[in-house]
Structures are given as C-alpha cells and as structure tokens.
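One line per chain: the protein sequences are A and B, in this order.
Take the first sequence: its position 655, counting from 1, is numbered 655 in the UniProt record's numbering, and each next residue is one higher.
Take the second sequence: its position 95, counting from 1, is numbered 95 in the UniProt record's numbering, and each next residue is one higher.
Among the clues, some could well be false.
[As the list claims (entries may be wrong)] Pair ranges (Cβ atoms, derived): (1) Gly-366(A) / Glu-100(B): 42 to 48 angstroms; (2) Lys-386(A) / Glu-100(B): 37 to 43 angstroms; (3) Cys-1162(A) / Glu-100(B): 51 to 57 angstroms; (4) Asp-71(A) / Asp-73(B): 28 to 34 angstroms; (5) Cys-1162(A) / Asp-73(B): 18 to 24 angstroms; (6) Thr-153(A) / Asn-97(B): 25 to 31 angstroms; (7) Ala-1116(A) / Asp-73(B): 28 to 34 angstroms; (8) Met-140(B) / Asn-214(A): 52 to 58 angstroms; (9) Asp-73(B) / Thr-333(A): 18 to 24 angstroms; (10) Ile-38(B) / Asn-124(A): 40 to 46 angstroms; (11) Lys-1075(A) / Lys-53(B): 54 to 60 angstroms.
If you are wondering where the hints come from, they were derived from the structure by calculation, not from laboratory data.
Bear in mind that the values here come from a model prediction, so they are computed numbers and not experimental data.
In this text, a Cβ means the ideal position worked out from N, Cα and C, and glycines have one as well.
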Amino acid sequence: MALKMVKGSIDRMFDKNLQDLVRGIRNHKEDEAKYISQCIDEIKQELKQDNIAVKSNAVCKLTYLQMLGYDISWAAFNIIEVMSASKFTFKRIGYLAASQCFHEGTDVIMLTTNQIRKDLSSPNQYDTGVALTGLSCFVTPDLARDLANDIMTLMSHTKPYIRKKAVLIMYKVFLKYPESLRPAFPRLKEKLEDPDPGVQSAAVNVICELARRNPKNYLSLAPLFFKLMTSSTNNWVLIKIIKLFGALTPLEPRLGKKLIEPLTNLIHSTSAMSLLYECVNTVIAVLISLSSGMPNHSASIQLCVQKLRILIEDSDQNLKYLGLLAMSKILKTHPKSVQSHKDLILQCLDDKDESIRLRALDLLYGMVSKKNLMEIVKKLMIHVDKAEGTTYRDELLTKIIDICSQSNYQYITNFEWYISILVELTRLEGTRHGHLIAAQMLDVAIRVKAIRKFAVSQMAMLLDNAHLIASNTQRNGICEVLYAAAWICGEFSEHLEEANQTLEAMLRPKVTTLPGHIQAVYVQNMVKLYASILQQKEQAGEKEAAQEITQLMIERLPQFVQSADLEVQERASCILQLIKYIQKLQIKEVPVAEEVIALFAGELNPVAPKAQKKVPVPEGLDLDAWINEPPSDSESEDEKPKTIFHDEEQRHSRHRQPEIDEEELARRREARKQEQANNPFYIKSSPSPQKRYQDTPGVEHIPVVQIDLSVPLKVPGMPMSDQYVKLEEERRHKQKLEKDKKKKKQKKEKRGKHHRHNSLHTESEEDITPAHHVDIITEEMPENALPSDEDDKDPNDPYKALDIDLDKPLADSEKLPVQRHRNAETLKSPDSEAPPVEKSKKPKKKEKKHREKERDKGKKKEKEKKVVEEKEEKKGEDLDFWLSTDPPPVSTTQPQSGPEVSAAVVAEPEEVKKEEREEQQEEDEGKKSSKHKKKKHKKEKEEKSKDKKKSKKKHHSEEEATESVQNGTLDDEPLPPMSSYRLLAENPYIKMTYDIQGNLQNDSQVTVSVIFENKSTSFLKSMELNVLDSLNTKMLRPEGSSVHDGIPVPFQLPPGISNEAQFVFTLQSIVMAQKLKGTLSFIVKNDEGSTHEKLDFKLHFSCASYLITTPCYSDAFAKLLESGDLHMSSIKVDGISISFQHLLAKICFHHHFSVVERVDSCASMYSRSIQGHHVCLLVKKGENSVSIDGKCSDSTLLSNLLDEMKETLSKC
Amino acid sequence: MIHFILLFSRQGKLRLQKWYTTLPDKEKKKIVREIVQIILARHQKTSSFVDWKDLKLVYKRYASLYFCCAIEDQDNELLTLEVVHRYVELLDRYFGNVCELDIIFNFEKAYFILDEFIIGGEVQDTSKRSAVKAIEDSDMLQETVEEYMNKPAF
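Bound conformation, chain B alone:
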C-alpha cells in the first residue's frame, strides 16, 4: 500500500500531497519537510529508493518536479516507479505536454486524476484508458453544470 504521494519542486516547494493514512496536519508537515530534505540532498545518479523509518521512499524526478511515494516494506519498488510513471502519463494526456505550471494552476485537476488512478493507496485501474475516460466524463458533467451556472435562468 502506498502511504502517501508527494510532488515537490527542485526548490522544495510542495506541489501536491496525497495521504492515504490519516494523520494530523502537524505530523504531515513534519514528514513532508523531512522527506523533501532527504530527497533533495541525494545525488542525481543514486538509486531511487530510500529506507525511511519503516517505510520505503520511491521517488523519481520528471523535469523540475519530484514525484515521491512512500510504500511499505514488502511492496515492489519497481512497480511503484511504474505507478509514478503511469500517473505522469495520465497528467500528460490530460493536460497535453504537462509542465509544473499546469499542476500549480490546476492543482485540483491533478488531484482528480490521481483519485481516479489510485484510491486508498492502491492502484485502482491498471488501464490508462478507463482512468482517462472517467476523468473526462466527470469533467463533462462539471462543464455542463458550469455552463448552466454561467447562464443563470433569470
């Protein structure tokens, strides 16, 4: 099970955080700070795995953004890297050539995509297509509602 996913920039700014275990805010902040420090301090040509407390951190850098997952001891590290990659692919397909700014300005969309892909720390659907379809469908639902709101019936 994935315990949490963090996206942060090279400068250490958090861009997205998703927690699959419930923790108080204070604790979360402490963990984020610690992990960002650990990972940014690592050289580029080192392995993507760090043992951290009783969890394993698996991270990968895409352009200026770090994607980091905390997984349990028995989880497969390589599979987690694939999960991260799949998520990047989904973002890419949704935004079209995704960049850090897309995620900053549409951070709620980034969350929605993640939620369609991973739920409760487990991969929900391994098929890219069905995840994308779910996102598009729910967006459609949203668009129509927004249109409706923008043209109030008065």
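Same shape as in the complex, but just chain A:
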C-alpha cells in the first residue's frame, strides 16, 4: 500500500498538470490537433491508474479540452469516480467536469444518485455546496424525483450558505419534476422571511420565476411581497419583486392601484438605472392593466415618458435601446404621450446602431396621425435612399407600407400621394418585398374608386418603363409590381388615356423574360385592354385602326404561346385563337367590340380573406354525409386512391421531360411552321395580303431600342411624392385660412357679444379633411355570414391553448391538498407516503389554531377537518381585504367566522361590503370562471337586456359596414359569457341560482352555493331552506336539529339585493346524479304588512359536480391509461358548430375537467371525483361532430358523466 502511494506521487511528478497542458497547446499552434490527441492518449493512461489524484488531474485536463470542443463523453464513468472521491479537492474537480459535460442523455448519470445524496448530507458544507452546484447543471427528471426530498430538507439547513443554494436548486427540481412543487412550496414561502438576506433573495428569485409562468397561483403572496418591497433596500431583490408584481397586476387591477405610489416614489428616488427601468416597466404594466377608468394616472405616464426620454437621450447606447423598447410598450395604450416625443424618435433613425434604428421604427408605427403621416414617410423615404443595399432598407420598406396601410388606411388623406410613394418604392433594387408593394397597389386601386384613374395612369407608366424594373429578374423581387400594374391597367382600362401605348408596352419581347405568373397576368390583361381599345375604335368608326390593333396582337402573341410556363402558354394560345376569330369577323365588317367586351363585363369586387370560412352551411346540408354509399370492398378502396395519385405523378414527370434545350425547340418550331404552311386548314399567323396596311404609321415597325441601365433613373413623368407633401401643406394651409376666415366672420358677427377664446391655431386631427372624398370599399363577405370573432384566433397559438389550462389548474390549486410526494423513500416503503403531506399542512394548521384562539377559544375541535379549506378561503379574503382598503386592516375578526364554524352554513351577513364581497366569494368559489364572466353573471338580468341592445346595435352597425367604411375598422365581438350558476327556482319575489362544488378534504361532502336575489320591492327576511333528504344525500344540519328542520339563511335581503349562502351536503355514492326536493320559506315585508311565502325547488346534483378540476401531467396521464383497470365508454355528438377551443372550455368549465394535452383537434382531459375516481377523456372533433372516449375507474359514473356531457354539447 505504502509503496503504491510512493509510486503514485512519483508518477505524478512526471504527469502534465493543467497548466502544462494549456502551455503545451499554446506552444503547438501549428499542430494543435495532433498535440491534443497525444495528450488525450496520456490522459487515458492516467485514468487507468488507481491513484485518485492522478485521475482527478486527468479529469481536470479533460474538462479543459471539452471547452475547446473535444468530445469527452467517453470519460463519463471516470468523472463519476472522481466525484465520489472523499477529498474535497478531487470531488470539486469531478463535479465541475460533470456539470460541464453531463446532460439528460448521459446514461451513467443514474449511477450518481446515491453519491449525490451522500454528498448532500455531508457534514462539510462545501461538499454539499459543490454537489448542489453540480446538480443545478445536470439535474434530470429522475434525479429530481429521487433527490427532491433531500434538497427540500436542505432548505432548512442550519447554514445559510446551504439554504440559499438549496432554495435555488429547488427551482430546477420543480422544472424537472413538477409534482414536487406543492409539497415544497410552504417551505419555500417560509424562506421569504429568512433572517439571512442571501436566502431571502434566493427565495424571491425562485418565486419570481415561478410566478412569471403562472401568476395566478401566487396572487395570495402579494401582501408579503409588498411588505418586502417597501422594506428592502437591496436593489437586486427589489428588481425581482417589482418584476413579480408586473406579472401579477394584469390579474388584479386593484393591486396595480396600490403599487403606483411606491413605484413612482422609487422612480423619483433611485439612481440605479436597472431599478429605474424595471420600475418604469412595471408601472407601464400596471397602467395597461388599469387601462381605462383611471384618468388620474396621466401623471404616472408622464413621469415614465419623461424618464424614458432621459434614457433615450443618454449617450449610452444600452439605455437608448431600452428606453425605446419601453416607450413602445407605452405607445400601445397611451399613444398621445409618446407622440409628443416624435422629434427624439425620428432622431434615433439616424443612429449608427441598427438595433436602435429598428426600435425607433417600431415606435413610428404607432405615432402617425393624419397630420404627420406624410412628413414621417418623407423622412423614412430619405432613409430608404441612404440605406442602399441593406436588410435595414427592406425593413424600412415594410414599415412604410405598414404605417400607411394600418387600420384600413386610417391616416391617409391623399391617396394620390400614397400611390406615388408606392411607385417611388419600386425603384428599390434587390428588395424582397416587391409582392408587398404589388399587393398594396392592387388593394388601393380596387378599393379606393376615386383613385383609379390616377392609379391606372401611374401603372401605365410603370409598364412603359418596365425595363427599368425588370432589368435583372433573377434576383429582383421588385418585378412583382408589374403583376399589379398589368392587372390594374387591364381591369380598369376605361381610365387609360393612351391604351395603345400601354398595350404595346405589354407586348414587348422583353416581357417574356419575366417570371411565368407575371406573364400570365400580362396575357390575360392584354385582352382586356384590347377589348376596350376595340370598342373605342369601333365607336369612333375607325375600322382600320381596330383591325390594326388586332393585327398587332396576332403578331405579338405567338411569343407567349412559346412560353415554357404552362399557364402563359395556355392562356396565350386560347387568346390567339380568339383574336384570329375576331379578325375574321372584322374582315367581314361585323361589329365585334360589344361581344368581346362582354367577356370582361362586370366588376370584380374585393373579397375579404375570411369570406370563404364565413359562408354558412345551408340548413339540411351535412358535409360529412356520404353522397354515394361508400364502396363496400375495403381492399380496393385502400388501393385505388394510391394508384391514381401515383399515376398522376408519373404523368407529371413524363410531361416535364421534353423540356429540352433551345436548339431542339428551334428545330421543332421550324418543323412545325413547315407543317403549318403545308396544312391548308391552318390559319396562318401572317396576315393576308389584303389586310396589310403597310402605309399606316404603325409604331411596331420602329425597332424599339431597350436601354438597360443598371442605375435606376428617375423615371420621367413619374410623380414625386414630395410634390404632394408640398401640395398637401398648401391645401391644409388653405383649408385653415378658409376656416379662419369663417371664424373671423363669425367673430365679426359675434363681436361685442362675448369675448371668444382664441384657439385658432390648434389644428386637431379631425380638422384635416381628405384631399378627395374617399370611400374605401370594404371587402365582400358572403350573405348572412356568421359574425364571429373566432377566426381571429389561431388555434395553434400556444397562449390560447394555455387559456383553459391556466384557468383550470389554478382554480383548485389553493384548495387542493398537498399531493403525495413521491421520493426515493416512498418508493421503498409505501407506508411513509403521508409525512410530506403532513409537513406542508403543519404551518397552516398552526396559523389557523392561532387565529382560532384569538377569535373564539370555546370552539370545539370537530371542525378541524374543515380547517384547511377555511384557511384557503381566508387567504383570498385577506388579499382582497388588503387590496380593498388602503390602510392595513385593523379588525381581525372576520364576520364570516361565526356561522361558518358554528354550523355547516357559510354566509356573510356583512352588508356594507356585500357587493365587493360577493365578487370575492365568486373568485374563491368559482375560480374556474373566466374573468369577464364574473362581472357578467352578477347582474345577469341587466346584462341580458344589455346584450339584447348590444346585439341590436351590432346588427345595425354591420349592415352599415357592408356598404362602406370610412377609413376605419370594424369592432370586435366579445366572447360569450359562461356561468356555472344554474337557475334553482324563481318567483316574483326571489330568484335562486346555485352551483355545486366538490370538497376534496372530505370525500363525501359537496358544498352548494346558492345566490338569493330579491326581485321585489319588499324586504325579505327569515328565509329558511329545507331539503327532503334521500338515503344517499343529506343536508348537513347543525347538531341537535332534526332531519325535518330547515336551515336559516343567515341574512336578510333588502329590495334588489342579492347575496350568497352555502350549504353542505353529505353523500355516500357519487356515481349517479340525483335530485332533491326542497322548499325555501321566507317572509315578505312591505308597507302593507308581511306575508309568508314559499318557493319549491329541485336541487340537481349532476355527476360533474362531484368532479374536482385536477391538473394532470401527460406522463402521469399516460401511466394512468396504461394501468388498464379503467372502464371505457364513448359517445358521439353531431351538429357541433362551435370551435374546438370553445368546446374544450365548455367541458372544462361545466364538467370540471382540465386539459392534459392538445394536438390539433384532439385533446386529452382529466378530472378526479371527490372520492378519487380518475376520469380520463379523449375528445376528438370532426367536421361538425365531436366524439368523446372516456375511461374511468367506475363505469356507472363514466356513463352518467358522458350523458351529461352529451347534453351540454348538444346545446352548442
């Protein structure tokens, strides 16, 4: 042994250490690879030795080589050996190597579990530290699962050094093993108040990261964080907390109100730019969440904008960049405040840094108004000229078009100007965005009727100068504009002044070098042009001219007939034959123009992009139904389509083959001509001698010399947009003068009567009238199109998919008991499953006990079982209380405690805050409901009438909209509200709605929340609710009362007021739905006296009300399905017209499911009953049907659930 050791240390003296290796590499610059491979060989030798010091040295060198890009995965096992060394020096190296090169695919990582566990519990804090650090880099789901409990224990280690590391690693563990979040969270929360600032900031970090992803879960922590924010002086921590608040405010506007003040204080006081920036960002988020209804926050906005201006003006590029970034956020909600800084932002367009210029461009988009659009675009055009040949120029181009076309050309007052801007943009060479310009030209020309004449003249000019644009078609996207130009000239040829000239321009041989799809449009529109020329000439009686133009077509069209592009070829040969026929008729002196023009009669109207989707399916048409019975022979059915498809492909390829070189083509052409000449039935393309008018001064005889200029010229006659800017200015000036005059006149008239306030020189947006009255045609929609906003949503949008998901799991997260925490120990012994649950419950219980003592010492212990739930309710209330009253609440005795604890009835007699309270209640109870639903359902009746009005209005506006929209957009429709409250019973005095919620703490209880609404003008009091118990379902009554006694409703109802009370029911079996009969008795008191009234009702316990929304992860879900002890059943519902998204939301909402996974139109969903039945669904949507396959541990429950679902869905 001793000898070995001696040998080892002697060996070591000859080994290279890391420094030697680095030096060696630097000395072997020429043959680095060779040197390193030599080193790796040495390292391999070293790794074979027993001496751990030698091994660790080798691993250290390997780590260095790994950074240089060499693969060291082969040494993974050696790394583990070094990790398990007992000496810290080596352990450290081992963990470093592991953290650098281990990843989820490293197979030996499984071997480390026990070693890491050992190190985590080492008495030496640095051993633990190094293990934690390493783990943070290579933690896998398996490691996370096995070590979660160990790390959680370390969060309460005596040394803050370990605590803070453990807290931070816990986040990684959550990510890899989400099930650990619940059990660990209470402890994590404790750490927010750790005495050590490092641990505290670590906890803030982790919760901040968690809350950013799912803010709603963490809303209850707001008061705690608020305290931390106002007390902390550590900027690092402050920034994190403020960021957290930024994520929370959108969910709770009241929180925002509370935050504004401390945040503005911080903005004023801090000198740290990072903190300032964070504060500004959060204030913006707050103001966005408050949006309207908060007029007195303009000061905060002003402050933010001012501070941002300082950032933007700073010489530091970083601050400038961030300033612009934040500015664009303000722009969305408060464009006016930003617009006043236009000068500064335009200045940023000149910045050397492209990223800053791009940010500034983003801002400009929102800053334009009718007043400054021309000016801004002019500036941008100057930048376009400067930015020759860069991607930045393309960016500018798209931005110009975006800016001008935004919200239906809202800001354009002069469309002539816009057309000329577009034409100017065509001078850009090498841009990728030709199609964008083309699309704009088409859109404007089609939709703005007044501009057509001008547009056509401009487009004719473009066609005439096509050689400039199309000079280099190969890499020139700009030739796309010719597509638009040709189409516009053809379609609106009646506006064309020099139609002949344009037609000739389109027939030039150069055109054949354009891409096929453009040529095709050329050919098609030539005929349109030709038709209109023909008509002109015939009407003018110029027969010769008419024949001449026919002749021109016949001469030039063959060049397109030879096109390699099928589309062009086909169109051209069709048209050629047509024109030849026309020529025949012309010879016979038959007037043809009328008939030719009839080919293109009628106007093409723009069609909205969504129009196709909106065509309603006619009643009685089932798109899924077979038109013919499907062939019974399944075999042939399978085969046939394949072969057909295959054949087609082959045909295609055969077709393509004969595309041979030019020579061959020329040869064939020659042969064909020969053949044609010999064929007496072939109408020759050369005109007959009679028709040849050689003496006519035809332009086609003059050879056209094309000048190919690489440098784009200013096209003569092309409009200069700048002129328009000047003109526009003059026009506006004139307008203003006129107005002034008028005003002066008025003034003169009014002089002496009263002194007028002089506001003549403030020109407001509305004052600018458009140059010509412009009607923008809205795109056409099919008749009785279905008005819906659904199609605006991308079903694949991940955020939309999250929408349901988020709502659901969060709803119960607070009520849910701590899930069983699966760790290594529990794997070994299933008996020890309970402890983690216990642990996390403990603090709650303690707290609760404490409170109880304060409130009421004499209360019995039997309510303990309800403790957790109550605590949660309180939590929500606390938050609300904290939010609703500015000074911290003084009264700790919540009025709720009395009835809640003493009996099974939970109610709130407090009148003052009833309104607000109710909202909170709902928030607590029916968290599943979407946000706006909450507001809605409260005043259901009002809402209904409003809805009616709204729909009427909408209808009205839509009718108008279909005709024409004056530079504006149509408004959107809100989502349909959903309420889980169903009608229980109603009479002229009172209306009852109810909702049933399962209770996870108790597997045989459900809570029924009933809202009582006083509809009369009388006072309702002494309400008592009684239910006829069944064997299975019983109402929980206070001790000592008999089964026939009713339960008093703990409040009275003044006229028009509603309030909610809760009743607890116990049940035995939950697999079937049940109905209970009941009666509400009450006393109506008014001026005339009081009467006793009764209202009967039937309380319906659906199976869905026994389900509790429980989030489930897809792997757990898969395991559940695999387990095989579930019963299966399925249903199919036809005639579903709502979107899949809505459908899922409906199932989630009404049946308490959560979405596990969703792929296209298929989703898996999960829920659990209060008695622990798992329910798994697979929902598939067909064309207009939905099929649901369900699996559940109880078949009766499943079939009942599916029946209920069928009912819900068939209502859709």
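Mind docking chain B on chain A? Use the hints.
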C-alpha cells in the same frame, strides 16, 4: 433566468462556458459558434443587447474578453450587465488585477468563482463579501488537502 454564460476572446476563442440548461454537446457547440459570430460582428459602439431566437443576449467586453449572457425575454438587461460586472469584480478580487491569461490557466478556479456567484442561472448572493469568503474557505480546504497529499505519510 440566465440560460448560459460564455466568455470568449476577440479572436473568437472560447474561454469559459457555463450552461444552466442541459443540452447535448453538439447543440452547445452550434450555439456557441453562432453567438460568437453574431457578437464579434457587431460594432463597438452599438448597444449590448441582441435579440437571439427567443432569448436576449447581453454582452460586454472587458479588455480582450467578451462576457456574454443569454437571458429570457422578461429579464432585466441592465441587471444582467451588473451581474457580468459583478463577476468580473469577483475575478479581479480573486486573481488580483485579472487578465485573460489568469482565466486560461486557472480556468477551473474561474468556474468555481462563477459557481459561488450564480447557481442554476440565478444570482446566488448579491453580496460580494460572502461569495469571496466561500471561495476562500473552500480553497483553504483544498490547500490543506493538497499539502497533505504532497507530504504523504510514508
């Protein structure tokens, strides 16, 4: 959360890399190459922030060395610059007037310092003092072990 930290020279040679998300080696190499290219191509007087895929790169040059962090969309860029600066300060205090060569020859120390400062992509301790103390203490532990190894008890 910081996704990764890269240190590289003006010539584009990687000096240190720390990944807080686990990725296969191949992927890492590809990302490093791409990012080094992006950043070296930028002019000196431009802002320190680059949008890259769904992350933001925040970088700063100290002498011949670039320090680059990839952070998430909602993270604070200025704070990240402070993190980088704090790390440089820590290196400086440890090595005493740190230069690129210090990091090359003692690259494992540079990692240890980083590990004491940032863990799992989050700043571990905002106090410089406690980070330095942890490094020194663990070094002490290492030194004694090394001494012991150098004087084997035979």
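Status of the hints after comparison with the structure:
As the Cβ distance of Gly-366(A) to Glu-100(B) is approximately 45 angstroms, the hint placing it in 42 to 48 angstroms holds. At about 39 angstroms, the CB distance of Lys-386(A) to Glu-100(B) agrees with the hint of 37 to 43 angstroms. Restraint check, Cys-1162(A) to Glu-100(B): a C-beta distance of roughly 55 angstroms satisfies the suggested window 51 to 57 angstroms. For the pair Asp-71(A) and Asp-73(B), the supplied restraint of 28 to 34 angstroms holds, since their beta-carbon distance comes to about 33 angstroms.
At roughly 30 angstroms, the beta-carbon separation of Cys-1162(A) and Asp-73(B) lies outside the given 18 to 24 angstroms, and the hint is violated. Thr-153(A) and Asn-97(B) have their C-beta atoms about 42 angstroms apart, which leaves the hinted 25 to 31 angstroms range violated. Evaluation of the 28 to 34 angstroms hint for Ala-1116(A) and Asp-73(B) yields a pass: the beta carbon distance comes to about 29 angstroms. Separation of Met-140(B) from Asn-214(A) is about 43 angstroms and departs from the stated range, judged on CB atoms against 52 to 58 angstroms.
At roughly 20 angstroms, the beta carbons of Asp-73(B) and Thr-333(A) sit within the given window of 18 to 24 angstroms. Range check, Ile-38(B) to Asn-124(A): about 42 angstroms between beta-carbon atoms, so the 40 to 46 angstroms window is met. Take Lys-1075(A) and Lys-53(B): their Cβ atoms lie about 57 angstroms apart, and the range 54 to 60 angstroms holds.
Violated hints, in rising order: 5, 6, 8; the structure is consistent with all others.
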